[in-house]
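With the sequences and hints as input, model every part of the structure.
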Amino acid sequence: MADIKGLERDILQIKERANNMIAYDRQKEYKEGIENIKKKYGSTYTNDALNELINEYKQNKLDETIQELKAFDKKSQELLEQAHQRIERVESEVSTEIDPQTQYELEKHNYILNKLQNELSDTFTGSNPQTNELDEVIQQAKYNKLYANALLQTRNLLIRNVDNNTYLDDSAKGVFKNHVIRKLTEIKNDLLPKEYNELQELKEILGNSEVGARNKLHMFQFMLEMNNERLKTV
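Residue numbers are given in numbering that gives the first Met the number 0: position 205 of the sequence shown equals residue 204, and the series is strictly consecutive.
If you are wondering where the hints come from, they were derived from the structure by calculation, not from laboratory data.
Remember, it's a predicted structure, so these values are computed and weren't measured experimentally.
There could be a bad hint or two in this list.
Stated by the list, open to error - Pairs of lysine to aspartate or glutamate residues, derived as DMTMM-like cross-links and limited to a Cα-Cα distance of at most 20 Å, are as follows:
1) K141 <-> D189
2) K14 <-> E197
3) K4 <-> E96
4) K27 <-> E55
5) K73 <-> D189
6) K4 <-> E203
7) K176 <-> E209
8) K74 <-> E132
9) K4 <-> E132
10) K14 <-> E67
11) K57 <-> D47
In structure tokens form, the structure reads like this:
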């Protein structure tokens, strides 16, 4: 699965860019530059001349920094778009790996699914349903990929059985539906290739890094405003 490796590289770069202190560093340079001018020329320049020099420095430094941070954010955005495209491709590839791959497997899958739908048609419909009513079929799913995949297709049937059970109050229905979802999710996670779990971890890292990676200019602007400065050119 080539795209998972490319995705790992992209997200590593995005995480590094999110942690990059460029906005803080440029704001620090900006303030230090002003202080250096004051120290160097404060005792020899008139106030008007000193202010003119400082204002010229500010504008030049801001223009330079804005262009640098815009370029940084643009590169981050390109990486983010590329990462999301890779995620879509990997998710598509991973999800199809559990599907029947041959005509024989498809026919076998359909046979098992029909059999399961008949077997589970009354599950959770009685006056005293038990969560262990699924245990036997779940046990079989652990040893048979086609059986497991077919069982996943019964989710809506099982949820509907719970919803339509007039013997259960809303609280009990919630317990049974959560049980169904949890058990079928466990089966799906066992069924999917190892890249699936890797993908979930990468998506979490991406989610935690996305805003920080592409908002350096806004971060710089925010820090300036905290010090009563404001960007005049964006």
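Going down the list of hints, with the structure as the test:
1. K141 <-> D189: Given that 20 Å is the threshold and the Cα spacing comes to 8 Å, the pair holds.
2. K14 <-> E197: holds, 16 Å
3. K4 <-> E96: Measuring from Cα to Cα gives roughly 18 Å; hence the hint holds.
4. K27 <-> E55: holds, 18 Å
5. K73 <-> D189: violated, 39 Å
6. K4 <-> E203: Holds - the C-alpha atoms of E203 and K4 are around 16 Å apart, at most 20 Å.
7. K176 <-> E209: violated, 34 Å
8. K74 <-> E132: Not satisfied, since the Cα-Cα distance of roughly 54 Å exceeds 20 Å.
9. K4 <-> E132: violated, 41 Å
10. K14 <-> E67: holds, 19 Å
11. K57 <-> D47: Holds - the C-alpha atoms of D47 and K57 are around 15 Å apart, at most 20 Å.
In summary, the structure is inconsistent with hints 5, 7, 8 and 9 from the numbered list given earlier, while agreeing with the others.
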